Amino acid sequence: MTEPTEDIILEMRNISKSFAGVHALRDVSFRCRRGTVHALVGENGAGKSTLMKILAGAYVADSGEIVYKGRHYDRLTTREALDSGIAIIYQELNLLPYMTVAENIFLGREPRTSLGLLDSKRMNAEAASLLNRLGVNLNVRRLVGELTVARQQMVEIARALSQQVDMIVMDEPSAILAGHELEILFSIIESLVAQNVTVVYISHRLDEVFQIADEVTVLKDGRVVGTKPLEALTRSQLIQMMVGRPLDEVFPKSRGHRGETALVAQHLTTDAINDVSLRLHSGEIVGVAGMVGSGRTELARALFGADSLRSGSLTIRGERRRVSSPNAAVRLGMALVPEDRKTQGLFMELPIRDNITVTILDRITRGAMLQRRLEAEAVQKARGELAIVMASDRQEVQDLSGGNQQKVVLAKWLATAPTVVILDEPTRGIDVGAKFEIYQLMRALTDRGVAILMISSELPEILGMSDRILVMHDGAIAGELSREEATEEKIIHLATTGRGLAEASETQTGQAID
Amino acid sequence: MTTTLTAAIPPEARWSALRRHIPYLIVYGLILALGIYGTLNSDRFLTDRNLLNIFRQSVFIGTAAIGQTLVILSGGIDLSVGSMVKVSVLVSALLMNGQPENIGVAVVATLGLGVVVGAAHAFLITRLKVAPFIVTLGTYSILRGIAYTISTTPIGRAAPPVVQFYDLKVGPVYALIVAFFVLLVVLMFVLRRTRFGRYIYAVGGNEQVARLSGIPVNRVKYGVYILCSVLAALTGLFALSRSGVGDPNIGDGLELETISAVVIGGTSLFGGRGGLIGTLGGVLLLGLIGNLLVVLNVNQWLRDLIEGAIIVIAVALYKQKGRQ
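Top line first, the protein sequences correspond to chains A and B.
Note that my numbering numbers the first sequence so that position 143 is 143, with each residue one more than the last.
Note that my numbering numbers the second sequence so that position 214 is 214, with each residue one more than the last.
Taking CB as the label site, the calculated pair distances span: (1) B:Phe-270 to A:Asp-62: 25 to 35 Å; (2) A:Gly-259 to B:Val-115: 42 to 52 Å; (3) B:Leu-25 to A:Thr-315: 54 to 64 Å.
To be clear, the hints were calculated from the coordinates, so they are not data collected in a lab.
The structure displayed is predicted, hence computed values, not measured ones.
Ideal Cβ placement from N, Cα and C applies to all residues, glycine included.
Kindly generate the complete structure, drawing on both the sequences and the hints.
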C-alpha cells in the first residue's frame, strides 16, 4: 500500500505504549490522507483512544514516531499538536455552561480592542461566521448550558475551527446524538472535508462508518488488524476484522410467548411527559423509540419513581402501587439500567464487587453483618452469567472497558432477580461483541418471564429486538407498532411528526392500552 | 453467554488496589519517622507516661473525627462539630452540677441533644436541599451563639466520678483510650461489614447513582449526621471529664482539626473514598506533632504551621497516586 507521500497528512509509525507493564499499543502504524474521513474502529480497550491521546500529546509513546505534515516528531506536546492544527473533540464535551456560545468558542483567545478590553462585538461576529461556515444556525449570545447536547457539540467543533485546523479527531461523536442530529454532524463533516480538513472518526456504529468514511483502520488488542478503503469492504467483513471471527449479525429470535401482564401504567404525567399509558407483559420486549428529548428517558424515570408523578397510576402484577422513589420501585421488582452508566449507573471509584451487590445488601446480610461468603457467591454468579472480564472483583469500575462497565450495571440489577427491567440505551458506546452478548442476555431474561422496556436511539436495535414498539413524540406516545408492521420509515415518521404514515394510520392507536 | 469476547484488561487495573493504601503508608510512615526522631532527640519522649498522654489527648479530636469521617465519606461535611462540643460541655456541666445522681440525666440529655442537632442537619440537607457546608456553617454559628449566651465564663461542675474517669485506668491504659478504641472498632466494623456502611460509601461515591440503585439516600444522611453530632456530644462529655467545669472555650477550632485529621488520613473531601484507619493515623499524627514540640521545647505556634504544611503536602502526594 504505497500512496503518493504528498497525500499523507499524518503517519504514526510503529507506535508502542504500555502502562505498568501492560501493552496498550504494540507496533501500531496508522496513516491518513489529507482531506478524507478516516474511520478508526475497534472494541473497547483496543487502543483507539490511547493512539489518539498520543497524537494529541496527552500521552507519550514508548517508541515509534509521528510524521505530521512532513515533520518528524518523537513526541508531540499538547501545545505542538494544537499549534500545528490538530484538534480533538472528545465525547465528554469541554464547555462552560454559564458562558455564551461565542465566549466558549473563543475561550482563552478572546479578541481584544486596542485598549486591551474584550471586543465582544468582534467575538460575536466571528463566532457567527464560524457557525455559518458549518451551516449551523445558532444564536451566539445564548448560554451553552441551554443548548441540546448536539448543539453543544457543534459549538465544540466551531471552537476547533476557530484556530487554523488541518485535522479533527472526533471520539465517538455520535454517541450523544439522535438520528436527525447525526445528519447535521455528517453535513458538517462533509463541509470540513470540502475545506481540505482531515477527519478521524472514531465510532462503534458501523452504519455511520460506511456512510461517512473513506477509509477505515481496525484496531484489536492494541494492534492494527488492517486499513482498508470502505468501498472494498462489506459490513460482515468489517465486523470480522473487529472481533476476529465471523459473527452472524442477527438479533436473537423472539420466542414470542408473552405471559401475563407485569405492569400497567395509566395516564402518567410528569414535568416532561404527558398522559402516557402503557402495558408490559412478562416475557416480552417493548421497544421505545423517539428523538432525544421526546420524553423516553423521562418515561423510564417516571416508571421507576425517580421523577415524581403529577398524575397517573401504576399497577404492578395486578396490584395498584405507589412508586414514590427508586427504593420503592426496586422493592417491587423493578430495575432501571440508565442511559449514562458513568453518571447514573455506576460508582466509578468503587470496586466491581461493591457495585454489583449494592442492590442486594439486605439479602446478603445476616443479623447486622454482611456475609462475605454470600457476597462472593453473588459476584461469582454475575461474573459467570455475564462474562465480565476483570482481573479481580476489587478492581475499580472506572478501570474497565465500556462494554464491561455496562455488564456490571446489568449484573447489579440481575442480582435482584427483577420482574420488570427498563433498559435505557443498553448498548450505547459499547463494542459489537458486547452488544451481541447483551442482546442474548435480554432474550434469556424474557425466556425467564421478565418484562423488558427498552429505550433506544438505534433503529436496527429497536426493530431487531422489540416485540412491540412504542414511538414517543413531544412527551407523549405517538403510536404503537407491532413487530410485523414496524419499519424504520414508519418509526421515523411517528417520531418526527407525532403522526403515523398515511398507510399506517389505521394501525396507529395513539394509546397503547386496550 | 455464548459469545465471550476478551477485552484487554486496562493497564490502570493494577493500581486500583494499591492506590487506596498509599495514604496509609504515608501517614503511618510519618508517625514512625517522627517517633524515631523523638526517641533519638529526647529521653522524655519514649516513656509510658508520655505515650499514654499522646493517646489520651488524641481521644478528643479522635472521637469527633470518627463522626466527621462518616459525614465526609457520605459526601458531606460538618462544620458544627466544635460548637457542638462546646454546647455539650456546658449543658452536661450545668445538668450535672457536681451531683453524681445527675450523671445519667446529663449524659442522656447531652447525647440526645446530639441526635436533635444531627437530625436537624439532615432535615435541612435532604428536604430543603441546602448544601451541607452552608447548613453546618449556620449551626456552627448558632450553637456557638447559644454556648456564649449560656455563659462566657466557666459554669457548672462535673460530678466527681466523671472527673475520676479521666484518670481511670484499665490495666496499663486509660479507660478513655479503651473507650475510644472500642468506638473506633465498632464504627470500622459498621463501615466495612454492614449495609449502612456500604451505603455511606455509595452515597458519597455518587448520590445520583445511589438513588437510582434504590438506596434510601435520605435515611443514610440522617444516619451519618446524627452519628456525627452524637459523637461530638460524647466528645463534650469526655472533655468535661478532663476540665471538671463547663468551660465555654472548649471546642474552639475542633471542626477544622477533625477535617484536617480526616484529610491527612486520605479520605476524599468529595466522599466515597477513605476510611477510619486513615483518620486514626491523621489524629495520631497531629497528636504526635503537638507532643514532640512540647517534649523538644519548641515554640508551640509551630504546630499550626506544621499541621498546615502536612495537609497540603499529604493531599498533594495522594493526588499523584497511580498517575503515569
